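Enquirer: Sequence:
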Amino acid sequence: MSGFDIGAVHFSAEQDGRNDSLAAGNYNATKRLLKEFLKEFHENNFVYTYRDEMKRHCNLGQYYVTVHLQHLASYSPEMSQTLAQQPTEIMPIFEEAAREIADEITRPRPGNEEQMPPMQVLLSSHAKPVAMRDLKADLVCRLVRLTGIVLSVSSVRAKATQLSLQCRSCRACLSNLPVRPGLEGYALPRKCITDAAAQGRPKCPLDPFFIVPDRCHCVDFQLVKLQEAPEAVPHGETPRHLQVYLDRYQCDRIAPGNRVSIVGVYSVRGQAPKGSGNLGGPGVRATYVRALGIALEESSHGIGGAPSDEEEEEFRRLAAKPDIQERLARSIAPSILGSVDVKKAICCLLFGGSRKRMPDGLYRRGDINVLLLGDPGTAKSQLLKFVEKCAPIAVYTSGKGSSAAGLTASVIRDPSSRGFVMEGGAMVLADGGVVAIDEFDKMREDDRVAIHEAMEQQTISVAKAGITTTLNSRCSVLAAANSVFGRWDETRAAGENIDFMPTILSRFDMIFIVKDEHSEARDTEMARHVLQVHLRGSVFGAAAEAAAAGGAPAVSEDEVPLDKLRRYISFCRDRCGPRLSEAAAARLENAYVAMRGEAKEIETAAASSAGGAVSGKHRQVIPITVRQLEALVRISESLAKMRLASFATEADVEEALRLFRVSTLDAAKEGSLAGAEGFTSQHDHEQLVQAERQVKRRFLIGSQVSESTIVTDFVRQGYPEPVVQKVLSLMLRRGEIQYRMQRRILYRVK
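Heads up, the sequence shown is in this note's numbering, so the first residue is 1 and it goes up one at a time.
Simulated from the structure, these hints should not be mistaken for laboratory data.
Predicted model, so just to flag it, every value in this text is computed and none were measured.
We put the beta carbon where it would ideally sit given N, CA and C, even for glycine.
Any given hint could be a false lead.
Claimed, not checked - List time: in silico DSS-like cross-link candidates among lysine-lysine, alpha-carbon distance up to 25 Å: (1) Lys389 to Lys128; (2) Lys464 to Lys343; (3) Lys750 to Lys696.
What the hints assert, rightly or not - Derived CB-CB ranges, DEER-like: (4) Lys389 to Ser155: 53 to 61 Å; (5) Leu296 to Ile105: 23 to 31 Å; (6) Met501 to Lys600: 49 to 57 Å.
Using the sequences and the hints given, assemble the complete structure.
Expert: Structure representation (structure tokens):
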């Protein structure tokens, strides 16, 4: 938040050439018209909108009124146009008119409240917003509407609106000197105005005045750093930032991560802050927006706003189609062949389940997290890129370039106040949307740990530099990662292909192992599809050419166009919050109990074949835990949300169970989730502990041995080779041993 007012008294020549006719002749007429508008404007049934609002607010001790610009335009188009062109001149008159009307309608008042405090007029508008990158010099001193994401918010401070000065020499006072609003200062007089010669005393020196703080009138103000919404940034461009000035009743209404709509005056600062060098000369001014109204936007609307009535009817017809779930899955990255179940899981992630508030005040997350693991060249990154374009709110990041602070929140020093302010990271900016993290395995372990809270509790708690707060990060996480060896190594134990901690794996609702399997038929189909994409520039190249010539549409009838899909997802997330029906809950309960019972039967059968009772070494079946049961509930709700249904049916539960089996359960059976919650058999764990103890006894600190030698020795002693490889992998990860001499020799460090 650089470039803020740092306490020096300065001024700007902004609006020096003000409209003299308005100031002299039309002031009273303008004030009279605005008073009539506030007093007489009414809607249906003659409800006086602003008169009632001012009376209600004044009774509560809140001296402000929110004026809708559409109402002013319908009452007086000329005044609405004048306000848009000359807001710095009209707004003081507007507030004075509001104060006089409030004074009239609140009489009689108690004796200690005879004088009505100043009223603040806040503006609201539904006009088309101006993009930050379109703010040019022709809009300076004009009324604009902006939308964006709050990146950081400064602490509330005080700014003088009326100054009192006193001469150091003769003690003469100048009282109630008006100061322009915003980041405008005041130029102190360089000479004393008293006549020293007439009083028979020496002449006052230059710059004699100082500010008397006790006699100044101040208001609260706050400085905000606003950033373009990710979906509004052109591809390959850097998001633009803008400083916003809030004052009085606008303070403390927003937090980092909020999406806001701001109506304000596009202004300039009159002097560059100290230390900036002012390389551009005195004519170069820094821009900011002085907010005249601020409103929180619905996160689910994204960039498109609320749907129209015609669009809503079209969405409801689309939701009524019997094959809507398959059609939506085919619409996910249609240029990528296959991966049907992965695409359906991504559909579930985009729509999400229902967030629930428990009676004790706690929340159950409704967002679904998906992890794609596997070989390179299986279109994982392309799927993430498509989700970034498809989701109403999305932030894409790569693991290697992402830090813990960049994903969650950081605390930086405010150059103006020298205090600390908090800036939200990717998961805060994506509140209500999706965070796509590519190269998830390339992140440092410390950085991955930082998102644990955000993935499960959907909050980010910060306690740094005296700032203790909690930010919302109600977003889904779609992550893609490769195995430890780049490609999936079938010759090694499957658990060695994954380098993730159990705590992060258990937070994903669906985990897919994506392998590049060799099949002549599939390879032929894949080659034909890829060549078609390159030859025609699109999978629908022929259709696109026909559409360009006025023929058929470029998108297949079985698929939903990207723009329509984005709007449909936003509509469903905003309007629908399905719950499990009684039958679906019973079916899910039976399935959960059946899976647990199946595990028990297999354990009993294994024990019977061994001729003994059930013990830890026989527990080789993957159990289903409560966390996975909640994941099944979320997946079922997301499938119902695709149909705009109020309740998830048994069919939704069956499809959720199938997706869970082909993703997380299959991955667990591969052994890739070894160490995750409920995914390691007790017998395997005992073998690992015993083998590690023997390796450390055989392999002393400071010694070195060939990897093949130690593996061969332990296999001869009866240990399975995958167990030995797993022990060595764990010791390498903990830094207890190191590879040397082109990974042929192992050296024991600790």
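Enquirer: Take the hints in turn and mark each one as holding or not.
Expert: Evaluation of the provided hints:
1. Lys389 to Lys128: 22 Å, holds
2. Lys464 to Lys343: Distance of about 40 Å is beyond 25 Å: violated.
3. Lys750 to Lys696: 10 Å, holds
4. Lys389 to Ser155: 53 to 61 Å: 37 Å, violated
5. Leu296 to Ile105: 23 to 31 Å: 29 Å, holds
6. Met501 to Lys600: 49 to 57 Å: 29 Å, violated
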